Amino acid sequence: MATQERPLSPHLQVYRPQLTSVMSILHRGTGVVLALGSLVFAGWLVAAATGAEAFAAYSAVLASVPGKLALFAFSACLVYHFLNGIRHLAWDAGHGYDLPKAYASGYAVAVLAVVLTAVLWYFGVNAGGAA
Amino acid sequence: MSLRNPLARAKGLGSAKDGTTHWWHQRLTALALMLLTPWFIIMMVGLIGDDLGTVRATLSQPLTVVLLTAFVLSLFWHARLGLQVVIEDYVHGGAELVLQVAVKFAYALAAIASLLAIGRIYFLA
Numbered sequence: 010m011a012t013q014e015r016p017l018s019p020h021l022q023v024y025r026p027q028l029t030s031v032m033s034i035l036h037r038g039t040g041v042v043l044a045l046g047s048l049v050f051a052g053w054l055v056a057a058a059t060g061a062e063a064f065a066a067y068s069a070v071l072a073s074v075p076g077k078l079a080l081f082a083f084s085a086c087l088v089y090h091f092l093n094g095i096r097h098l099a100w101d102a103g104h105g106y107d108l109p110k111a112y113a114s115g116y117a118v119a120v121l122a123v124v125l126t127a128v129l130w131y132f133g134v135n136a137g138g139a140a
Numbered sequence: 220m221s222l223r224n225p226l227a228r229a230k231g232l233g234s235a236k237d238g239t240t241h242w243w244h245q246r247l248t249a250l251a252l253m254l255l256t257p258w259f260i261i262m263m264v265g266l267i268g269d270d271l272g273t274v275r276a277t278l279s280q281p282l283t284v285v286l287l288t289a290f291v292l293s294l295f296w297h298a299r300l301g302l303q304v305v306i307e308d309y310v311h312g313g314a315e316l317v318l319q320v321a322v323k324f325a326y327a328l329a330a331i332a333s334l335l336a337i338g339r340i341y342f343l344a
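Heads up: the protein sequence lines correspond to chains A and B, in order. Following this note's numbering, the numbering of the first sequence begins with 10 at its first residue and continues without gaps. Following this note's numbering, the numbering of the second sequence begins with 220 at its first residue and continues without gaps.
The hints are simulated quantities; they were obtained by calculation from the structure and are not laboratory data. A hint or two may mislead.
[As the list claims (entries may be wrong)] Derived CB-CB ranges, DEER-like:
#, chain 1, residue 1, chain 2, residue 2, range
1, B, Ser-221, A, Leu-108, 16 to 24 Å
2, A, Leu-121, B, Glu-307, 54 to 62 Å
3, B, Leu-226, A, Thr-59, 27 to 35 Å
[Unchecked claim] Negatives, chain B to chain A, calculated, CB over 10 Å:
#, residue
4, Lys-230
5, Asp-237
6, Leu-250
7, Thr-256
8, Arg-275
9, Ala-289
10, Phe-295
11, Val-320
12, Lys-323
13, Ala-332
14, Ser-333
[Stated by the list, open to error] Cβ-to-Cβ under 8 Å is the rule here; a few derived chain A residues that face chain B:
#, residue
15, Leu-28
16, Val-31
17, Arg-37
18, Val-42
19, Ala-44
20, Ser-47
21, Leu-48
22, Ala-51
23, Leu-78
24, Ala-79
25, Asp-101
26, Gly-105
27, Tyr-106
28, Val-128
Owing to the predicted nature of the structure, the values given are computational and were not obtained by experimental measurement. All C-beta atoms, glycine included, are put in the ideal place defined by N, C-alpha and C.
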């Protein structure tokens, strides 16, 4: 059993947030959101396999305002986690570790995440009309 | 002098007996998802607003069935491995064990349900 009151590194409360650390935390946060969202996707597949009634009910929930907000949050998390995941895979392969490169790839991921999420919703809204 | 068996050292599996398997599977599924996710997103955006008949027709294309099965297996394995690490880091005590087991069961069920659903859609078509 671990001692409960011990201070733990990296002392988040006294550490100035940096792009690298914030993006690392976001990678975890979006990962958890996506893991939960993947269960919603499993439900969608089951609804599509079950029948017209179940599928219509499931689609109605997703097309509602809270449903759309959740889908938007989910898509933004997916785009970010996808892009930053590529950054992590590059690190795992031994590339891009020095500070200027880590910051450059960080800014690239941040900008691309916003752009790609916007592009996705541009096509999504146009494709489905009311989604 | 080490009291460790030289064979154990050579195998490099450590006390948990699975060495770098968790880390490696996380990366392997990440790579699979990196390749499959763009295809998945484009397909799903294309299905927005479509009725069940169109959705089923799209999901029962042979190539789609294969890729979607690969996507679903990679997705739930990746999610399960990731959640395990997050829980290991932030949840302690009795709740940790309960949550770890619950996550393993939930993602196994999600994978089974998804595979059966993909199969049903495919064979219904």
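List of violated hint numbers, smallest to largest: Violated: hints 1, 2, 3, 6, 7, 8, 10, 13, 14, 15, 16, 18, 23, 24, 26, 27 and 28.
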